[in-house]
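> So you can see what is in the structure, the chains are spelled out below.
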Amino acid sequence: MTTVATDLDKIQANLHDSGVLWPRTELLRWYSDAYRDLLSRSRAFTRISLFDVPGRFAYSIAHDWEDRHTATTQWKFSIASYNAQRQGTYQWETEAMDGVTPTNSLVGITQQWERAYTGETDRHFRFGLKKDHERIKRLAWDNALLSPVSVRELDESDDAWMRRVGDPTWWTPGTGRSREFEIYEIKTDYNQGYEHQNYEQGIPRYITGARTYSMTVGSYYPTNAYGYTTSGDSDHLVNTTPAVLSGMGWRFTKAAADTANGFGTQIWEKQQLDGDTLTAGSTVGSYGWESEFGADEVSFGVGAIRGITSPDRQYLAIWSGTGQYQFIGGIRQFMSSDNALTAYETVLPDSDLMESDTPEMIPGRLQKYLRYYVLHRAFGRIGEGQNPELALHYLQRYMRGVVLLQKLADVAHKDRIYVKDPVAEVDMRPSRVRLPSTFERIF
Amino acid sequence: MTRSELRQRILEALNESASSPVFFSTGQIDTIIDEGAEILSEEANAVKRTAFVSLMEGTTYFYIRGIAQDMMAPYRLWLTHLDRRLTAVSLYDLDARNENWIETTGDPEYWFSVSWDLFGVYPSIAAGGGVIRVDYLAWPRLLLDDSDEPEFVLADQDGLVLYGVYEGLLKMLDVSRALQIFSMFVDKLNGSRVRHGIAKLDARAFQAPSAESQGFRHGITR
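First to last, the sequence lines map onto chains C and D.
The first sequence: position 33 = 32 (numbering that gives the first Met the number 0), numbered continuously.
The second sequence: position 23 = 22 (numbering that gives the first Met the number 0), numbered continuously.
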């Protein structure tokens, strides 16, 4: 792909202008507009997003104006009352402010995940979508499809649908702010697929969990700069000012399960300390290169994780943001679709492009249509340089790109055979058996 | 035609020197030729390629840019070890027929679209080994030097000249003439669509369907 700057150069060549009539910053803004418009019209870029249950929001806010200061997902936990001049946590607060005798109200919460630790609440069970969200194409709970439904239909079918606990079957845009959705029925058990520990210290280096994991290192085997015996040994060598040693160290000893029992160099020493059955030792070196002379080979798991494979499931790299390079960089978040919500959502670029960027969310060969859009806007602008005929022509060419990307959005379109459905479908799975959500109470 | 021959025709049509043009650089004309070839392949599906992708256990989704950088869209997926063509379906089809399709494993039988750059197979691959052959529509490669020739048939290459002239006239702000040339280019595209589509089967005999007709609305029967 070419950078935005290269495309702007081409546009300026067509305009015969080096920024006098059409400043480059103006062209850049139109180029970003074109990028967003092309993706918005074609809905071509779909991202798979996962949501732990209950929902997580980066911020809870009490007043609407607070979203000015929250860059990412936020949930307004408070309820406006008193001519919307006061915000309350409990419903009785409204009654109190209006001079009405307060009645008992359900629990108030300030974060959606608190729902896992409380009883019923009058707050709707909500999930937040990122800034780049455009629309949901498919939503699934625990990998099974949820059907979309309106709030009116839910209101007419269940008087407490927003707090009805059970297996989710439906989803609705709900009554919340934009970029929020709700599910019915709700699942309040606290579930988190992965916990990213020590995230303040950078990208993940190691994965543990209920499943069996192993790590393989690529063909690059770096050697260590020094060997050490204990963490205190390493700390002393590295943290002394000036440092005695630097570079990558490798601990060639094995600590006992209870570190108070010390450590050994051979496996049988550790087993002795742990009270386990002894096994034969081997040649242990303190540098990687000693494997050339019979020592055990050492693999250093250095660098970022570049891929995760499993015979049981796919760990799919999901792009996030409008960065220049989509699929490189560190893993910032792990999510699972088990006992979680999976959304296939079309997304748009969430910020304007810079000249050094490349519009990665569209096929590289479609960048020319972004140029046509900019030329359409430039020739259509009132003032010197206006050329309505050219503006219209470039708009038509841009719209051709929209149609093409709409077609490519269904990447399997070329292999699809479209036929009319018969009146009666016979090979669809039957609807799942559904009992009323109040079934047990009636029973 | 080679790139230099295409460029020469374009520049001459614009009343420019083919060897030392003034209004355009040769690089600009070369870029326009490449862009014309892109549009030809987009509209006429003129460029086709094949790539293999390995089957890995547990895999459902494939990024097309991880299979081939020049891929526009796959049109045929073939499971080589079973000699089986995968059937294209939609997410709706999968949800309608198997609630737990994402957790179903086996030899893939269907494929479906998620995004312009992502597709999946169903069932998910149970056993690794083997490859999927991906036949795909591609964008043409850029021409490498002046002796390089576009992949298209010669009849299509005239269209590249027309596109170059059209772009040149636009740059000269000769809009009315540019639009005339563009409509000629669009005519060429239509011809190219046919050439790369149904006309490829020119040797095939077509005949009227033999099924019983309901007759014409006017009551005239065959």
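For the record, the hints were derived by calculation from the structure and aren't laboratory data.
It cannot be assumed that every hint is accurate.
DEER-style ranges, computed between Cβ atoms [as the list claims (entries may be wrong)]: (1) C/R399 with D/R132: 27 to 33 Å; (2) D/A12 with C/V402: 25 to 31 Å; (3) D/V185 with C/Y198: 24 to 30 Å; (4) D/Y91 with C/V237: 24 to 30 Å; (5) C/H235 with D/R132: 55 to 61 Å; (6) C/S281 with D/S53: 24 to 30 Å; (7) D/T79 with C/M247: 42 to 48 Å; (8) C/N260 with D/R83: 17 to 23 Å; (9) C/E155 with D/V185: 39 to 45 Å; (10) C/M398 with D/S53: 21 to 27 Å; (11) C/E155 with D/E98: 58 to 64 Å; (12) C/I304 with D/A12: 53 to 59 Å; (13) C/Y198 with D/G196: 33 to 39 Å; (14) C/K136 with D/R132: 55 to 61 Å.
No residue lacks a Cβ here, since even glycine has one placed at the ideal position from N, Cα and C.
> Cβ-Cβ distance between C/S281 and D/S53: within 24 to 30 Å?
violated (36 Å)
> With 55 to 61 Å as the target window, see if C/K136 and D/R132 comply at their CB atoms.
Given a distance of about 28 Å, which is not inside 55 to 61 Å, the answer is violated.
> So the hint says 53 to 59 Å: do the beta-carbon atoms of C/I304 and D/A12 match that?
With Cβ atoms ~56 Å apart, the hint holds.
> Could you see if the CB distance from C/R399 to D/R132 stays within 27 to 33 Å?
holds (31 Å)
> Can you tell me whether the CB distance of D/T79 to C/M247 sits inside 42 to 48 Å?
holds (44 Å)
> Holds or violated: the 55 to 61 Å window for the beta-carbon distance between C/H235 and D/R132?
Holds, at about 59 Å.
> Honestly, do D/V185 and C/Y198 meet the 24 to 30 Å range at C-beta?
Violated, since D/V185 and C/Y198 (Cβ atoms, about 55 Å apart) do not stay within the stated range.
> How does the Cβ-Cβ distance of C/E155 and D/E98 compare with 58 to 64 Å: does it lie in that range?
violated (26 Å)
> Per the hint of 39 to 45 Å, is the separation of the Cβ atoms of C/E155 and D/V185 within bounds?
Cβ of C/E155 to Cβ of D/V185: about 53 Å, so the range 39 to 45 Å is violated.
> Verify the CB-CB distance for D/A12 and C/V402 against the hinted window 25 to 31 Å.
holds (29 Å)
> If you check the beta carbons of C/M398 and D/S53, does the distance land in 21 to 27 Å?
violated (39 Å)
> With 17 to 23 Å as the target window, see if C/N260 and D/R83 comply at their CB atoms.
At roughly 59 Å between Cβ atoms, D/R83 and C/N260 fall outside 17 to 23 Å, so the hint is violated.
Checked against the numbered hints listed earlier, the structure breaks hints 3, 4, 6, 8, 9, 10, 11, 13, 14; every other hint is satisfied.
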